Each structure stands twice: as structure tokens, then as C-alpha cells.
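Q: Residue-level listing of the chains:
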Amino acid sequence: GESVGLHLPTLSVQEGDNSIINCAYSNSASDYFIWYKQESGKGPQFIIDIRSNMDKRQGQRVTVLLNKTVKHLSLQIAATQPGDSAVYFCAENLEGYKLSFGAGTTVTVRA
Amino acid sequence: DARVTQTPRDKVTEMGQEVTMRCQPILGHNTVFWYRQTMMQGLELLAYFRNRAPLDDSGMPKDRFSAEMPDATLATLKIQPSEPRDSAVYFCASGLGTGGSTDTQYFGPGTRLTVL
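Line by line, the protein sequences give chains D and X. Going by the numbering used here, the first sequence opens with residue 95, and the numbers climb by one from there. Going by the numbering used here, the second sequence opens with residue 794, and the numbers climb by one from there.
Derived from the structure by calculation, the hints contain no laboratory data. Because the structure is a prediction, the values reported are computed rather than measured. Built from N, CA and C at the ideal position, the CB exists for glycine as well. Among the hints, a few may not be true.
As the list claims (entries may be wrong) - Simulated pairs of lysine-lysine, DSS-like, Cα-Cα distance not exceeding 25 Å:
1. X:855 - X:804
2. D:192 - X:871
3. D:162 - D:192
4. X:804 - D:136
5. X:871 - D:136
6. X:804 - D:162
7. D:136 - D:192
As the list claims (entries may be wrong) - According to the in silico footprint, chain D covers these stretches of chain X (three or more CB under 8 Å from chain D):
8. 813 to 820
9. 856 to 869
Only chain D is shown next, with the shape it has when bound in the complex (with noise of 0.2 Å):
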């Protein structure tokens, strides 16, 4: 079947750094995608979302990119904070309501 996934299971950034977290989808029906961030302990905290419709999104200190020629999906943060460590996750939306979650990506702050 058809999934989302992640291209680095770690990334290690340095503090101040700007940060990349790829994600590649198999689905070129989804018309929707998430990042969410899971800290831990926590459940999945939502951080933007972009429709197909769009290329590029921006958030505070975060921007996704949809790319949907090679089916591809970015989240960019910039200046990377302590604050920003955690496990990042790709969703793209399935049948309505339905999301499949990528396996996610770990990222550590180095200070």
C-alpha cells in the first residue's frame, strides 16, 4: 500500500542552525499534509499544514515545502532552539479524516 515516510530517521542540529526534515509521500491523491511535533511524553503537537494546492507555506520560525513533482514534503525551522528537540512527523491525508503518519524524525538541539 501506499505511505508516507522519512527520509533521515535522526538529525542533529546545531543551536542557531536552521533546520531541514524531509519526508517523501507515495499517495499522489493526498491533498493535504501535516508536520506535527512530539515531544517527549507528549502527544503529537500540530505545527502547519499545506494543501496540495499550495507550494510553500510559513509559519513562526517554521516553513513546509510541497513539492509535488517527486512527491516531497520539507519542514524547515529556522534558528533552531533547545526547545525544538523532538520527533517530527509527516502526515498526509487519506480518505477524508483518515492520515497515515511517516515513521518521524528525531532531531537534538546541540547547544
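Given chain D, work out where chain X should sit, using these hints.
A: What follows is chain X alone, placed relative to chain D:
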């Protein structure tokens, strides 16, 4: 600050015992989701409710799992009898239910279940 609440946060039980997990969705939300998270399988959808009606429980083992919404402020997930392979973190999420694919899901803190 509205948020989804779940109880208990941690549960340790013995194989064969009944387990009930509870969730209070965000006030005004009319969609509720139950997920299970494990290292091996990641996040899996177990059940989906809209306006308290169960619309999808295809991800749930039918013989031992059951999910209900007795009222708009309470969702329950029950396992009877529990087995060691049920050990996982169970998340509840709720949404506004505006329809379509853009309904953001807000997750609770989860219940960590350990079945010995």
C-alpha cells in the same frame, strides 16, 4: 487553553485484565480519534467518531477492543482481555469536524499501557 485530556496517564496491568482508557475532547469538537503508537508500527488509527457516532473502527481488533462515546465530553477505549502485545501509548485526538481533509486533529497526552 483548551486541550484534550486523557486518563490514566500510565497503566500497568496483568494479562487478561480489563483496561479502560478515557478521553475528554476539546469542548465544541465533534470528531474524536483513537490512535495507538508503538516503536514498530508508529501511529495507527484505531477508531474515528463523528458527532458521537462510530464511523470507522477498522483499525481496531474487534474481538477485544471496543470504543464508545457515552456523551460529547467523554470517549472511552476498552480492552478486554488485555494481552502483552497491547502494550503501547494510546492517544486520543479531537477536531472541529468542519468536514473534508483539512480538519486539524489535536492530540491528548496519551495513556501509556503496559500489559505484563
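Q: Run every hint past the structure and note whether it holds.
A: We went through each hint and held it up to the structure:
1. X:855 - X:804: holds (21 Å)
2. D:192 - X:871: holds (22 Å)
3. D:162 - D:192: holds (20 Å)
4. X:804 - D:136: holds (16 Å)
5. X:871 - D:136: Status holds; Cα separation ~21 Å.
6. X:804 - D:162: violated (43 Å)
7. D:136 - D:192: Holds - the C-alpha atoms of residue 192 (chain D) and residue 136 (chain D) are around 21 Å apart, at most 25 Å.
8. 813 to 820: Result for this restraint: violated, n = 0.
9. 856 to 869: The restraint on the region 856 to 869 of chain X is violated, since only 0 of its residues have a Cβ under 8 Å from chain D and three are required.
Hints 6, 8, 9, counting from the list given before, are not met by this structure.
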